[in-house]
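> If you read the sequences in order, they're chains A and B.
Residue numbers for the first sequence follow the working numbering, so the first one is 182 and each next one is one higher.
Residue numbers for the second sequence follow the working numbering, so the first one is 182 and each next one is one higher.
Derived by calculation from the structure, the hints in this document are not laboratory data.
Misleading hints may appear alongside valid ones.
Put simply, identical chains are the same to the list, so a pair is met inside one copy or across any two.
Claimed, not checked - Subject to a maximum C-alpha distance of 25 angstroms in a straight line, what follows is the list of computed DSS-like cross-link-like pairs (lysine-lysine):
| no. | residue 1 | residue 2 |
| --- | --- | --- |
| 1 | 396 | 486 |
| 2 | 201 | 322 |
| 3 | 486 | 201 |
| 4 | 201 | 375 |
| 5 | 488 | 201 |
| 6 | 322 | 396 |
| 7 | 389 | 322 |
| 8 | 322 | 488 |
| 9 | 469 | 486 |
| 10 | 469 | 437 |
| 11 | 469 | 224 |
| 12 | 473 | 437 |
| 13 | 375 | 488 |
2 protein chains.
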Amino acid sequence: MRPMLEEAVGEIYRNLLPEKMVVADLGCSSGPNTLVVLSEVIKIISNQCLRVGQQPPEMQFFLNDLRNNDFNNLFRSLDHVEQRLRVGKGTISVPYFVAGLPGSFYGGLFPRHSVHFFHSSYSLMWISQEQFHRDFSHFLKLRFDELVPCGQMVLSFLGRNKKDKLDGEMSTIYGLLAEALDSMVREGLVEEEKFDTFNLPLFVPSSKEVEVIVKLQGLYDIIHFQTFESNLDPFDDDLDDNVVLDNVQSGANCAKVIRSVFEPMIANHFGSAIVDDLFSRYATNVAKHLLKEKLMLPVLALSLKKKEVT
Amino acid sequence: MRPMLEEAVGEIYRNLLPEKMVVADLGCSSGPNTLVVLSEVIKIISNQCLRVGQQPPEMQFFLNDLRNNDFNNLFRSLDHVEQRLRVGKGTISVPYFVAGLPGSFYGGLFPRHSVHFFHSSYSLMWISQEQFHRDFSHFLKLRFDELVPCGQMVLSFLGRNKKDKLDGEMSTIYGLLAEALDSMVREGLVEEEKFDTFNLPLFVPSSKEVEVIVKLQGLYDIIHFQTFESNLDPFDDDLDDNVVLDNVQSGANCAKVIRSVFEPMIANHFGSAIVDDLFSRYATNVAKHLLKEKLMLPVLALSLKKKEVT
Numbered sequence: 182m183r184p185m186l187e188e189a190v191g192e193i194y195r196n197l198l199p200e201k202m203v204v205a206d207l208g209c210s211s212g213p214n215t216l217v218v219l220s221e222v223i224k225i226i227s228n229q230c231l232r233v234g235q236q237p238p239e240m241q242f243f244l245n246d247l248r249n250n251d252f253n254n255l256f257r258s259l260d261h262v263e264q265r266l267r268v269g270k271g272t273i274s275v276p277y278f279v280a281g282l283p284g285s286f287y288g289g290l291f292p293r294h295s296v297h298f299f300h301s302s303y304s305l306m307w308i309s310q311e312q313f314h315r316d317f318s319h320f321l322k323l324r325f326d327e328l329v330p331c332g333q334m335v336l337s338f339l340g341r342n343k344k345d346k347l348d349g350e351m352s353t354i355y356g357l358l359a360e361a362l363d364s365m366v367r368e369g370l371v372e373e374e375k376f377d378t379f380n381l382p383l384f385v386p387s388s389k390e391v392e393v394i395v396k397l398q399g400l401y402d403i404i405h406f407q408t409f410e411s412n413l414d415p416f417d418d419d420l421d422d423n424v425v426l427d428n429v430q431s432g433a434n435c436a437k438v439i440r441s442v443f444e445p446m447i448a449n450h451f452g453s454a455i456v457d458d459l460f461s462r463y464a465t466n467v468a469k470h471l472l473k474e475k476l477m478l479p480v481l482a483l484s485l486k487k488k489e490v491t
Numbered sequence: 182m183r184p185m186l187e188e189a190v191g192e193i194y195r196n197l198l199p200e201k202m203v204v205a206d207l208g209c210s211s212g213p214n215t216l217v218v219l220s221e222v223i224k225i226i227s228n229q230c231l232r233v234g235q236q237p238p239e240m241q242f243f244l245n246d247l248r249n250n251d252f253n254n255l256f257r258s259l260d261h262v263e264q265r266l267r268v269g270k271g272t273i274s275v276p277y278f279v280a281g282l283p284g285s286f287y288g289g290l291f292p293r294h295s296v297h298f299f300h301s302s303y304s305l306m307w308i309s310q311e312q313f314h315r316d317f318s319h320f321l322k323l324r325f326d327e328l329v330p331c332g333q334m335v336l337s338f339l340g341r342n343k344k345d346k347l348d349g350e351m352s353t354i355y356g357l358l359a360e361a362l363d364s365m366v367r368e369g370l371v372e373e374e375k376f377d378t379f380n381l382p383l384f385v386p387s388s389k390e391v392e393v394i395v396k397l398q399g400l401y402d403i404i405h406f407q408t409f410e411s412n413l414d415p416f417d418d419d420l421d422d423n424v425v426l427d428n429v430q431s432g433a434n435c436a437k438v439i440r441s442v443f444e445p446m447i448a449n450h451f452g453s454a455i456v457d458d459l460f461s462r463y464a465t466n467v468a469k470h471l472l473k474e475k476l477m478l479p480v481l482a483l484s485l486k487k488k489e490v491t
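Could you put together the complete structure from these sequences and hints?
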């Protein structure tokens with residue numbers, strides 16, 4: 182992701198040399214990842230300006246998520262951006278301003294032609310192929326209107342690298358969650374009927390399916406398109422393929438990721454009272470699985486550039 | 182305040198006919214007042230556009246307050262804006278977007294020349310004459326850099342209309358608070374020593390003192406300057422000077438206002454444990470006082486226009 186981000190942000194800067202640059206992170210959640218992106222973008226701009234000997238632009242960041250996102254927590258953690266930036270060597274000071282923007286990215290979020298760069302990481306998600314087609318097209322159209330000419334986007338989301346939609350890693354992840362639920366049914370903590378009527382819908386598109394939509398729509402040039410395997414544990418930087426140093430900690434990390442995705446659906450179906458217990462059991466199941474192999478997820482990452490209308 | 186807001190926003194629109202208009206409310210807190218301003222500005226723009234037969238601009242609102250403000254609550258209440266706007270007759274639909282902007286307005290909040298209109302109501306406050314001079318000048322300079330050419334501000338804050346700084350309504354308000362604290366000392370809920378060493382600093386400037394600073398700085402033209410008496414109870418719309426219909430409810434309303442101003446200082450000195458009890462006693466004291474007379478506060482309201490640099 183880092184090189185894609187670097188190329189996109191760098192190119193926008195070199196093409197436009199803006200005095201003011203607007204960047205939006207869509208579906209930012211309230212976790213630390215948002216702030217990583219923010220500080221990466223600042224560093225990229227800082228390096229660019231050093232290289233070409235230009236004054237840095239003033240950066241305006243918008244952190245977007247649904248209205249019920251914990252923006253208070255997000256704002257409190259903004260101090261960490263300062264810390265991150267101070268660590269970087271050889272950077273120049275880039276003036277930046279950060280706003281929170283509540284609302285769905287399936288609606289308009291910005292005035293026309295007002296955003297230079299959109300970023301979205303693991304926040305685009307679909308429950309069926311039909312919904313994927315409709316909503317992804319709609320998303321691309323909305324952002325097209327909001328981007329300045331020469332504006333770009335870098336998107337990443339869960340995908341699949343096998344043709345069979347039921348095969349692959351997602352089914353392992355689902356299986357471990359089903360096991361956790363099943364143990365709660367056996368202990369009488371979850372009603373059997375509720376368990377039987379539960380369905381966790383998630384559609385993960387292939388790179389081909391994504392490409393077809395972008396090309397059919399004709400609003401963007403695809404600059405890069407990558408498919409890679411991402412560790413479900415975002416803190417496991419170990420490149421050794423199948424050794425997990427601390428399987429208990431890593432299981433807990435994985436459970437957090439999955440919880441952030443599925444908690445709303447689970448709470449909606451079973452009630453929120455079971456959620457803590459469920460994901461604690463899930464973390465244990467994942468930890469056991471990690472003794473055998475790491476959980477890797479196929480991720481699609483693409484950078485898109487707004488087409489010039491001639 | 183309404184006519185001042187109307188004139189300022191209307192003039193900016195007519196002068197610039199912007200396709201996109203940026204409005205910031207500084208020190209918005211998380212209460213309903215912020216949303217009143219937001220919907221008023223939208224209505225004003227809507228009326229202007231109807232009058233001149235123009236398409237409305239896209240409005241981008243920034244709601245600013247300190248990082249510890251409850252932005253979650255503020256964002257949740259955004260639905261009320263829709264309700265407010267639907268009630269208005271003869272309006273056209275104005276596209277608008279709302280962001281939260283955490284940070285002190287004694288620092289930079291926006292890129293240069295990016296804001297059309299600043300609004301700030303009861304959020305500018307000073308603890309001494311010296312601080313007033315320094316901070317108010319600094320505030321005006323920061324906003325000058327952030328305003329577009331022909332940009333305007335409407336500010337209102339507590340003032341005084343008597344020369345003697347210790348006279349007038351503020352001393353009544355302080356007195357009733359001191360009474361409440363005193364009763365807690367007598368019941369052993371507050372240490373006498375803490376009470377004796379407590380000092381509630383608040384400097385309220387006269388209109389002359391404000392005018393001197395603005396003119397000395399030379400960055401703005403003063404379009405309007407009003408001094409008026411504002412009821413401490415924001416929900417008391419009754420114009421009959423000295424009849425309070427429900428003195429208990431009105432006392433509670435007044436206590437809320439004063440609490441929003443002084444809670445941080447009180448919690449800092451006495452600990453947050455006493456705050457609920459203290460303001461409940463204070464509400465009772467105010468309710469008793471309201472049987473004699475309403476509590477009216479002198480308020481200064483001014484609209485400023487960025488000077489054109491020639």
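> Each of the hints needs a verdict: does it hold here or not?
Status of each hint after checking the structure:
1. 396 to 486: Classified as within: same-chain Cα gap 12 angstroms, cross-chain 49 angstroms, threshold 25 angstroms.
2. 201 to 322: Both: 24 angstroms inside a copy, 20 angstroms across copies.
3. 486 to 201: both (19 angstroms within a copy, 23 angstroms between copies)
4. 201 to 375: neither (53 angstroms within a copy, 50 angstroms between copies)
5. 488 to 201: both (22 angstroms within a copy, 23 angstroms between copies)
6. 322 to 396: Within one copy only: 13 angstroms inside, 49 angstroms across.
7. 389 to 322: within (19 angstroms within a copy, 54 angstroms between copies)
8. 322 to 488: within (12 angstroms within a copy, 40 angstroms between copies)
9. 469 to 486: Neither. Shortest intra-copy (43 angstroms) and inter-copy (67 angstroms) distances fail the 25 angstroms Cα cut-off.
10. 469 to 437: within (16 angstroms within a copy, 54 angstroms between copies)
11. 469 to 224: neither (39 angstroms within a copy, 60 angstroms between copies)
12. 473 to 437: Classified as within: same-chain Cα gap 20 angstroms, cross-chain 60 angstroms, threshold 25 angstroms.
13. 375 to 488: Cα proximity of residue 375 and residue 488: none, with 49 angstroms in one copy and 67 angstroms across.
Taken one by one, the earlier hints fail for this structure at numbers 4, 9, 11 and 13, listed in ascending order.
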